[in-house]
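*Asks:* So the sequences go chain by chain: A and B. For the first sequence, numbering that gives the first Met the number 0 assigns the number 0 to the initial residue and increments by one for each residue that follows. For the second sequence, numbering that gives the first Met the number 0 assigns the number 0 to the initial residue and increments by one for each residue that follows.
Any given hint could be a false lead.
In silico negatives: residues of chain B with every beta carbon more than 12 Å from chain A [stated by the list, open to error]: (1) Asp1; (2) Ala52; (3) Ala94; (4) Arg165; (5) Leu254; (6) Thr282.
Using 25 Å as the maximum straight-line C-alpha spacing, the simulated SDA-like pairs for lysine to any residue come out as follows [stated by the list, open to error]: (7) A:Lys115 / A:Phe55; (8) A:Lys173 / B:Arg95; (9) A:Lys70 / A:Gly53; (10) B:Lys173 / B:Arg143; (11) A:Lys70 / B:Leu5; (12) B:Lys173 / A:Ala52; (13) A:Lys115 / A:Leu147; (14) A:Lys145 / A:Lys173; (15) A:Lys115 / B:Gly287; (16) B:Lys115 / A:Gly287; (17) B:Lys173 / A:Lys173.
Hints were generated in silico from the structure; no laboratory data involved. The beta-carbon is built from N, C-alpha and C at its ideal position, and this holds for glycine as well.
2 protein chains.
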Amino acid sequence: MDVTGLTTPALLVDADLFEHNLRAMSEALPGARLRPHVKAHKCTALASRQAAAGHFGFTCATVREVEGMAKAGLGDDLLLANEVLDARRLGDLDARVTVAVDSEQTVEAAAQGGVKEVLIDVNVGLPRCGCAPEDAGRLADLARSKGLGVRGVMGYEGHVVGLPDRALREQLTKESMEKLLAARADVGGDIVSAGGTGTYDINTWATEIQAGSYALMDVAYGHLGLPFRQALSVLATVISVSPGYAVLDCGLKALGMDHGNPTIEGAEVWFVSDEHITFAPGTPVRVGDRFRVTPAHVDPTVAYHERMHLVQGDRVIETWEVDLRGW
Amino acid sequence: MDVTGLTTPALLVDADLFEHNLRAMSEALPGARLRPHVKAHKCTALASRQAAAGHFGFTCATVREVEGMAKAGLGDDLLLANEVLDARRLGDLDARVTVAVDSEQTVEAAAQGGVKEVLIDVNVGLPRCGCAPEDAGRLADLARSKGLGVRGVMGYEGHVVGLPDRALREQLTKESMEKLLAARADVGGDIVSAGGTGTYDINTWATEIQAGSYALMDVAYGHLGLPFRQALSVLATVISVSPGYAVLDCGLKALGMDHGNPTIEGAEVWFVSDEHITFAPGTPVRVGDRFRVTPAHVDPTVAYHERMHLVQGDRVIETWEVDLRGW
Numbered sequence: 000m001d002v003t004g005l006t007t008p009a010l011l012v013d014a015d016l017f018e019h020n021l022r023a024m025s026e027a028l029p030g031a032r033l034r035p036h037v038k039a040h041k042c043t044a045l046a047s048r049q050a051a052a053g054h055f056g057f058t059c060a061t062v063r064e065v066e067g068m069a070k071a072g073l074g075d076d077l078l079l080a081n082e083v084l085d086a087r088r089l090g091d092l093d094a095r096v097t098v099a100v101d102s103e104q105t106v107e108a109a110a111q112g113g114v115k116e117v118l119i120d121v122n123v124g125l126p127r128c129g130c131a132p133e134d135a136g137r138l139a140d141l142a143r144s145k146g147l148g149v150r151g152v153m154g155y156e157g158h159v160v161g162l163p164d165r166a167l168r169e170q171l172t173k174e175s176m177e178k179l180l181a182a183r184a185d186v187g188g189d190i191v192s193a194g195g196t197g198t199y200d201i202n203t204w205a206t207e208i209q210a211g212s213y214a215l216m217d218v219a220y221g222h223l224g225l226p227f228r229q230a231l232s233v234l235a236t237v238i239s240v241s242p243g244y245a246v247l248d249c250g251l252k253a254l255g256m257d258h259g260n261p262t263i264e265g266a267e268v269w270f271v272s273d274e275h276i277t278f279a280p281g282t283p284v285r286v287g288d289r290f291r292v293t294p295a296h297v298d299p300t301v302a303y304h305e306r307m308h309l310v311q312g313d314r315v316i317e318t319w320e321v322d323l324r325g326w
Numbered sequence: 000m001d002v003t004g005l006t007t008p009a010l011l012v013d014a015d016l017f018e019h020n021l022r023a024m025s026e027a028l029p030g031a032r033l034r035p036h037v038k039a040h041k042c043t044a045l046a047s048r049q050a051a052a053g054h055f056g057f058t059c060a061t062v063r064e065v066e067g068m069a070k071a072g073l074g075d076d077l078l079l080a081n082e083v084l085d086a087r088r089l090g091d092l093d094a095r096v097t098v099a100v101d102s103e104q105t106v107e108a109a110a111q112g113g114v115k116e117v118l119i120d121v122n123v124g125l126p127r128c129g130c131a132p133e134d135a136g137r138l139a140d141l142a143r144s145k146g147l148g149v150r151g152v153m154g155y156e157g158h159v160v161g162l163p164d165r166a167l168r169e170q171l172t173k174e175s176m177e178k179l180l181a182a183r184a185d186v187g188g189d190i191v192s193a194g195g196t197g198t199y200d201i202n203t204w205a206t207e208i209q210a211g212s213y214a215l216m217d218v219a220y221g222h223l224g225l226p227f228r229q230a231l232s233v234l235a236t237v238i239s240v241s242p243g244y245a246v247l248d249c250g251l252k253a254l255g256m257d258h259g260n261p262t263i264e265g266a267e268v269w270f271v272s273d274e275h276i277t278f279a280p281g282t283p284v285r286v287g288d289r290f291r292v293t294p295a296h297v298d299p300t301v302a303y304h305e306r307m308h309l310v311q312g313d314r315v316i317e318t319w320e321v322d323l324r325g326w
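Build out the structure end to end from the sequences listed, making use of the hints.
*Replies:* Written as structure tokens, this is what we have:
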């Protein structure tokens with residue numbers, strides 16, 4: 000099928016750029032060195048391509064993502080890199096499930112939910128989840144006392160991954176990982192899980208990198224000079240043309256907006272409404288013309304869509320369900 | 000069921016505030032004076048409450064919304080207040096479907112798709128869809144020549160609805176509607192469809208008002224002194240607590256972010272990540288505590304969720320599917 004047959008707005012994944020991203024990453028971080036994060040794409044079909052590239056362990060952000068990956072037969076080694084207080088849906092899955100814990104309550108929830116293994120989540124500088132490094136050993140002991148296997152530690156240097164200055168990224172990653180390794184000395188276990196697309200080649204302390212954005216790539220990461228290419232766009236149709244501007248059928252419900260407006264090559268985006276982009280085209284356009292809109296943030300864009308289409312030029316090669324949405 | 004049984008993040012609709020909003024609006028604009036816009040809630044169960052309040056005609060923004068409303072038996076009089084270039088899915092529906100047109104191409108698409116009736120969409124000041132007022136008569140003639148019934152005109156004063164100064168809202172609404180009535184003189188038909196929640200009691204020129212936000216209400220509209228109350232929130236759970244801040248399991252994929260960060264009563268939101276809000280609570284909190292988060296923009300928030308729960312205090316009265324998502 001040709002993209003002209005698609006109902007718009009429609010998520011497109013450029014097959015060549017996507018394959019390039021997978022290849023570049025698996026060359027840098029082969030096999031278990033990468034634990035791809037599925038939150039960026041929420042799509043088991045895409046994850047199966049990452050598995051085919053040699054990565055059998057995955058990172059998830061929600062219980063639904065873990066469930067979906069298990070159901071899709073991608074449950075060799077699933078890490079829920081997030082705290083949960085109700086782990087009951089995880090305990091029965093036909094998969095190896097490891098959950099992040101950072102408090103007595105989340106250790107208790109894992110044990111109560113029938114989860115068998117945990118990582119101690121350590122705060123390495125980002126004010127979000129994670130225990131204090133000096134508390135990690137105590138939580139590991141608590142987890143073991145409740146029958147949980149403790150596989151090691153995780154700590155996300157999310158305050159570092161987007162910094163444009165590479166030397167600063169290196170310095171702060173090193174400082175973050177020193178905290179994580181100190182915690183690991185108290186915790187034990189084999190795994191030191193950390194990192195993201197912005198530190199994939201900097202974070203040499205972690206045993207595995209939790210990168211997700213690299214596969215479809217984000218505009219924000221695009222400024223870091225990484226070898227990954229923006230593969231995702233939203234196909235939209237011009238539905239109205241007026242002197243000086245035109246309107247596309249793609250709006251707030253098709254675009255993650257927390258990083259601001261999307262961009263359109265050769266055109267200026269004026270504003271975005273629920274189902275519209277008003278923009279000034281660089282050259283005259285007609286009703287029915289189609290544009291590829293680049294969202295400012297991939298993850299919350301994908302989460303609005305039911306499916307994404309893998310395309311080569313204007314040809315739709317495959318259509319993938321975005322099947323890990325919701326909670 | 001109690002809200003404590005809900006998986007978070009979860010959309011909550013306060014039943015009393017919602018009923019208040021419906022009552023306040025149907026008293027001001029009874030029956031066909033209001034054509035509720037379903038884009039704000041994307042939920043046929045909620046729309047059926049609006050129908051029970053006496054409003055049998057509805058406004059939609061997408062083909063999917065029209066399809067879903069027809070399938071739910073709410074198809075007495077559905078207006079797709081948006082331009083489409085492929086109307087084929089509309090022609091066969093068991094419903095009265097009227098489509099907005101603003102160009103030769105959209106007139107042609109309506110005729111080709113088997114749609115029977117149209118409104119001429121007129122630009123009344125918002126740079127988005129709509130033909131020039133002086134072109135409306137020509138498009139109406141074109142539509143009739145293709146066998147389409149022309150029911151009148153529509154024109155959305157979207158540049159006016161959010162202005163905080165009521166006198167300015169009144170003045171600009173008047174100017175917008177003068178343009179629309181001039182177009183209507185050329186077009187004919189009974190319907191002058193316009194307006195929104197911000198001009199529901201100002202726009203006395205339109206025969207029907209397309210308000211949608213009033214039912215669940217938006218923070219932005221909350222500054223206008225309207226008689227509608229914010230009925231929508233996102234229930235979230237504290238999953239991690241650190242000195243000075245805590246983390247909720249509700250993030251960018253559960254919140255429309257184009258109007259900025261959500262708010263939490265008595266607390267300060269620091270930042271929002273894919274699945275987290277980091278916030279400074281006003282009083283000490285514990286892991287497992289729950290908060291109601293007020294999103295900055297209702298419409299793109301609802302579009303992320305599979306369902307919403309009608310609650311009275313902490314009791315879940317009904318659960319409604321958000322069944323009009325997608326395109």
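*Asks:* Decide, hint by hint, whether the structure agrees.
*Replies:* Results for each hint:
1. Every C-beta of chain A lies more than 12 Å from that of Asp1 (chain B), the closest at about 14 Å, which supports listing it as non-interface.
2. Annotated as non-interface, Ala52 (chain B) keeps its C-beta farther than 12 Å from every C-beta of chain A; the closest such distance is 23 Å.
3. With a least beta-carbon separation of about 19 Å from chain A, Ala94 (chain B) lies farther than 12 Å from that chain, consistent with its non-interface assignment.
4. Every Cβ of chain A is farther than 12 Å from the Cβ of Arg165 (chain B); the closest lies at roughly 23 Å, confirming the non-interface assignment.
5. Not every CB of chain A is more than 12 Å from the CB of Leu254 (chain B) (nearest about 9 Å), against its label as outside the interface.
6. With a least beta-carbon separation of about 18 Å from chain A, Thr282 (chain B) lies farther than 12 Å from that chain, consistent with its non-interface assignment.
7. This hinted pair checks out: Lys115 (chain A) and Phe55 (chain A) have alpha carbons roughly 19 Å apart, not beyond 25 Å.
8. Restraint check for Lys173 (chain A) and Arg95 (chain B): not satisfied, since their Cα atoms lie roughly 64 Å apart, outside the 25 Å limit.
9. Using a Cα cut-off of 25 Å, the hinted pair Lys70 (chain A) and Gly53 (chain A) holds, with the two alpha carbons roughly 19 Å apart.
10. Using a Cα cut-off of 25 Å, the hinted pair Lys173 (chain B) and Arg143 (chain B) is violated, with the two alpha carbons roughly 29 Å apart.
11. The straight-line distance between the Cα atoms of Lys70 (chain A) and Leu5 (chain B) is roughly 23 Å, inside the 25 Å bound, and the hint therefore holds.
12. In summary, the hint linking Lys173 (chain B) to Ala52 (chain A) is not supported, as the alpha carbons are separated by about 62 Å, beyond the 25 Å threshold.
13. Our distance criterion of 25 Å between C-alpha atoms is met by Lys115 (chain A) and Leu147 (chain A), whose separation comes to about 5 Å.
14. The hinted pair formed by Lys145 (chain A) and Lys173 (chain A) fails the criterion: a straight-line CA distance of about 33 Å is larger than 25 Å.
15. The straight-line distance between the Cα atoms of Lys115 (chain A) and Gly287 (chain B) is roughly 21 Å, inside the 25 Å bound, and the hint therefore holds.
16. This hinted pair checks out: Lys115 (chain B) and Gly287 (chain A) have alpha carbons roughly 21 Å apart, not beyond 25 Å.
17. With a C-alpha separation of about 63 Å, the suggested pairing of Lys173 (chain B) with Lys173 (chain A) is violated against the 25 Å cut-off.
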